[in-house]
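Peer 1: Chain B: place on chain A using the hints.
Listed in order, the protein sequences are those of chains A and B.
So the mapping is simple: the numbering used here equals the position in the first sequence, first residue as 1, plus 1068.
So the mapping is simple: the numbering used here equals the position in the second sequence, first residue as 1, plus 1.
Don't read these hints as lab results, they were simulated from the structure.
There may be inaccurate statements among the hints.
What the hints assert, rightly or not - Derived CB-CB ranges, DEER-like: (1) 75/B with 1191/A: 44 to 54 angstroms; (2) 46/B with 1084/A: 42 to 52 angstroms; (3) 73/B with 1207/A: 42 to 52 angstroms; (4) 2/B with 1104/A: 26 to 36 angstroms; (5) 1118/A with 75/B: 25 to 35 angstroms; (6) 60/B with 1191/A: 21 to 31 angstroms; (7) 1207/A with 75/B: 44 to 54 angstroms.
Claimed, not checked - Computed cross-link-like contacts, SDA-like style, restricted to lysine to any residue with a CA-CA straight-line distance of at most 20 angstroms: (8) 20/B with 1103/A; (9) 20/B with 1149/A; (10) 4/B with 20/B; (11) 1092/A with 107/B; (12) 1207/A with 1103/A; (13) 1156/A with 61/B; (14) 43/B with 88/B; (15) 1156/A with 35/B; (16) 20/B with 1207/A; (17) 1092/A with 110/B; (18) 71/B with 39/B; (19) 1156/A with 13/B.
Stated by the list, open to error - With the C-beta cut set under 7 angstroms, the calculated list includes, among others, these residues of chain A facing chain B: (20) 1145; (21) 1161; (22) 1182.
Just so you know, even glycine gets a beta-carbon here, dropped at the ideal spot from N, CA and C.
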Amino acid sequence: MTTTISQAKLQEVLDKITQEVTEKVAGIRLYQAVITPGEKTCTVHADFHSGFQFGLSMCADLALFTRLTQYMMQQEEIEQQDIEDFVKEYFNVLCGHIAAGLFQATMIASRFDVPSFHTGFYQPESMQEQITLNYASDKNESVQLTHNLAVR
Amino acid sequence: MRKRIMLVDDSRVVYIQMKQLLAESSYEIAEYCSSGEEALEKYATVRPDLVTMDIIMPGMDGLETARILKNEHPEAKIIMLSSLAYADTYKEADAIGAKAFIPKPLNKDDVLQTLDKVLQG
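This is chain A alone, in the form it adopts within the complex (with noise of 0.2 angstroms):
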């Protein structure tokens, strides 16, 4: 982590674009607490590179996900590849709107790779939390959005 910008900033970064783009994007409201996670969760990822190093992951109940889906969509009926497929875009648009706020706060510029999605909970290995940020949406679903550092 450089020390362009303070922990306490970057947390209020990723919360407010988190926020804005869920409910854009996917029509989800999210509202910050701590709920536990539903028995199916998936966890989507991108590497951030250039100008800032760092993982992001978002873990979320799979009804969520499910649900940002067929609002993107705009039908009910949906497959499993439809989840994978529209989760990792939403997560590219989340991403490239991180990197903007990020670029308007700091002047620096930023990538990220092609982002990837998983069953269950997924960390990268030989990464730890630096920051977590939890949500319930307006269904009571669980997110939870985590900033990762590479373990020296």
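Peer 2: Same frame as chain A, but now just chain B:
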């Protein structure tokens, strides 16, 4: 006759979304490429009126693809289509010769107005 777009994006979601947005417009997706490499391979054959190009893709990213495409085909009209909508990326896209930048998430009016503007320009 509908104007032909080559859509370059690794995500089929964007292809689905653009197809829906363009459904009743004067544009059609003539070719969908899921990578920069595929776009470079097919451009000369497809000869689209416009290319929309994502930035974050596996392998060659969209900015590099656009750079090579403009070198090989200076007449190509490229519109970047990405969530990386901030000053640094706009500057890089502009330097490459992209005609416009459409931010994600896609907005129908925004997309159609930008396509019209680039084609008329």
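Peer 1: If a hint holds in the structure, say so; if it doesn't, say that too.
Peer 2: Hints versus structure:
| no. | hint | in the structure |
| --- | --- | --- |
| 1 | 75/B with 1191/A: 44 to 54 angstroms | holds, 46 angstroms |
| 2 | 46/B with 1084/A: 42 to 52 angstroms | holds, 45 angstroms |
| 3 | 73/B with 1207/A: 42 to 52 angstroms | holds, 50 angstroms |
| 4 | 2/B with 1104/A: 26 to 36 angstroms | violated, 57 angstroms |
| 5 | 1118/A with 75/B: 25 to 35 angstroms | holds, 28 angstroms |
| 6 | 60/B with 1191/A: 21 to 31 angstroms | holds, 26 angstroms |
| 7 | 1207/A with 75/B: 44 to 54 angstroms | holds, 52 angstroms |
| 8 | 20/B with 1103/A | violated, 38 angstroms |
| 9 | 20/B with 1149/A | holds, 19 angstroms |
| 10 | 4/B with 20/B | holds, 13 angstroms |
| 11 | 1092/A with 107/B | holds, 11 angstroms |
| 12 | 1207/A with 1103/A | holds, 12 angstroms |
| 13 | 1156/A with 61/B | holds, 19 angstroms |
| 14 | 43/B with 88/B | violated, 30 angstroms |
| 15 | 1156/A with 35/B | holds, 15 angstroms |
| 16 | 20/B with 1207/A | violated, 31 angstroms |
| 17 | 1092/A with 110/B | holds, 16 angstroms |
| 18 | 71/B with 39/B | holds, 15 angstroms |
| 19 | 1156/A with 13/B | holds, 11 angstroms |
| 20 | 1145 | violated, 14 angstroms |
| 21 | 1161 | holds, 4 angstroms |
| 22 | 1182 | holds, 5 angstroms |
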